[in-house]
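Enquirer: Chain residues, written in single-letter form:
Number of protein chains: 2
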Amino acid sequence: MTKPAYAAVDWGTSSFRLWLMDAEDTVLAERRSGEGMTVAAKTGFEEVLSAHLGALAAPLDLPAIVCGMAGARQGWIEAGYITVPAPLTAVLAGAVRVVGPTREVHILPGLAQRHADAPDVMRGEETQLLGALRQGADSQQLVCMPGTHSKWVTATGGVVSGFSTYMTGEMFDLLSKHSVLAHSILDAKTFDPDQPGFLSAVQAAFQTPQRASNLLFTIRSGSLLQDLSATDAAGRLSGTLIGLEIAGAVNAAVDIPLIRLVASGKLQELYESAFSHLSLAFKAIDADEAVRQGLAAAAHKILLAMPEERS
Amino acid sequence: MTKPAYAAVDWGTSSFRLWLMDAEDTVLAERRSGEGMTVAAKTGFEEVLSAHLGALAAPLDLPAIVCGMAGARQGWIEAGYITVPAPLTAVLAGAVRVVGPTREVHILPGLAQRHADAPDVMRGEETQLLGALRQGADSQQLVCMPGTHSKWVTATGGVVSGFSTYMTGEMFDLLSKHSVLAHSILDAKTFDPDQPGFLSAVQAAFQTPQRASNLLFTIRSGSLLQDLSATDAAGRLSGTLIGLEIAGAVNAAVDIPLIRLVASGKLQELYESAFSHLSLAFKAIDADEAVRQGLAAAAHKILLAMPEERS
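Residue numbers (the numbering used here), protein chains in the order written: chain V, 1 to 311; chain W, 1 to 311.
Just so you know, not all the hints are guaranteed correct.
Since the list gives no way to pick out one identical chain from another, each pair is judged satisfied if it fits inside one copy or across any two copies.
[What the hints assert, rightly or not] Pairs of lysine-lysine residues, derived as DSBU-like cross-links and limited to a Cα-Cα distance of at most 30 Å, are as follows:
#1 K283 - K189
#2 K177 - K301
#3 K177 - K42
#4 K189 - K266
#5 K283 - K266
#6 K266 - K177
#7 K189 - K177
#8 K3 - K301
#9 K283 - K301
Since the hints were derived computationally from the structure, they do not count as laboratory data. Since the structure is predicted, the reported quantities are computational estimates derived from the model, not experimental observations.
Could you build the full structure based on these sequences and the hints that come with them?
Expert: Okay, structure coming up:
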């Protein structure tokens, strides 16, 4: 095994992911756990990080670069926000060093959009973006990062012009577990991304987004009147929320650019299926790979550069 | 006190309301409790009804007319659904008599819309409608009945042509208590129906309903970036969901008819304020009065008519 050069950490609200990286950005080892910000705020951020690096027998002075909720006000140390429009590289310059640990630890800031009518924030996704847009491009790029709070970003030539958050994942969770729809979805099995109910719901919400909260209720009525199965009901719920999100994100665009979909696993499959069904062109980028590339870019700028290169 | 002629009961999922009525439909006494279907399914429907009527010293053989969830499959006895399009009077003909109690008890059926793309159901609101539309009218009427699950109904000459349910009230409850927005709303006080945040949210969701799940997240971002107060956040959440509902309900209409708003209390004030802000003409009808009038119409047809008039 080559010598580790740094630790790359994606520290979310409820998840912790760490990669041990060498100087060429090869992954030497990986750790995943549920010790997100919520847990670590109680057990100690430094303790969680040290325990995982210790388990990998990493040197005690190995530096770490961190993104995500560890930089929130309730996190390890507040890393603030870079206000957009801004070049994405401002995220690197805005990293905050944690005071205390013997090892060098830097946390990347999030992005904030301070429009009066469309305030928005992200924390963690800016690092995925750093990986996904790393090559840079002169034409406008539209990036979709689905999740609990899906983020849609527009960027041109490495400058983020704006972004919007959609509560898609959280609403799926709330409605499927705690609303009247829970009765209809209770026994759902995993549904296929090309399930007709999912796709027709995507289409209906995309075409008539104003009906969104009515389309949601038809899931309940469908199970009462039309013997809609629990698995189809789950597909309809997911499709309605994803279709509504896409309607909001691409509606304003006259010429919809290629959508750069930064996702992985089941979520990637669902969005790919939805985009295909709506005839929207997209390019998939693995979300784990993107966040690692973003952290790597930050590590080279902040931790590994020659002193004169460091900002 | 004149002699009671019948009991009128609105029996919802979580609430029970009973009015003791004379033959001229004057309210002699009223009872309200939390013994809705959920509670009564455990403690016994007959027991709950008898206890309330006993407390009013009503005769043991006083007949009762009931609407609402007591007629659901999980209720006292299943009263089924009348399929629309249908004349509203079909609800009276479709009443189901409960077998067992010594007193005569009839439960009114709900309405079902069996469209493949827009299945829908109501139970209880059809009786409000019976009261609100009682006079009949030849032109098309648009009725809005806000609540946990808001119902919008179109009817012409006493015939219900269709209806749509919006999950507005339930989504407000879920999002304000259990989502990331709960942090922003936790300490909210009652907001005014003419609060600027409420009205601007109504407007934004009405004009750009496709942004709905993004507009919801701006409540969180607004409290992080713009010091949005908890009370303003609650107003924004309510306004976004009500604006989305109105967008869905009136969007299809070319000439929006006068909206008959069947509501009471705070909800009535909010919808009146929203309609005024959107320059939509409306007429308010008290929801309690409407359900009582509907139950009275049913009582006269089913319980009090001369034998030859009874269907």
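Enquirer: Take the hints in turn and mark each one as holding or not.
Expert: Here is how each hint holds up against the structure:
{"no.": "1", "hint": "K283 - K189", "result": "within (28 Å within a copy, 46 Å between copies)"}
{"no.": "2", "hint": "K177 - K301", "result": "neither (44 Å within a copy, 42 Å between copies)"}
{"no.": "3", "hint": "K177 - K42", "result": "both (27 Å within a copy, 23 Å between copies)"}
{"no.": "4", "hint": "K189 - K266", "result": "within (13 Å within a copy, 41 Å between copies)"}
{"no.": "5", "hint": "K283 - K266", "result": "within (16 Å within a copy, 49 Å between copies)"}
{"no.": "6", "hint": "K266 - K177", "result": "both (19 Å within a copy, 28 Å between copies)"}
{"no.": "7", "hint": "K189 - K177", "result": "both (14 Å within a copy, 28 Å between copies)"}
{"no.": "8", "hint": "K3 - K301", "result": "within (19 Å within a copy, 88 Å between copies)"}
{"no.": "9", "hint": "K283 - K301", "result": "within (28 Å within a copy, 65 Å between copies)"}
When each numbered hint is compared with the structure, a violation occurs for hint 2 only.
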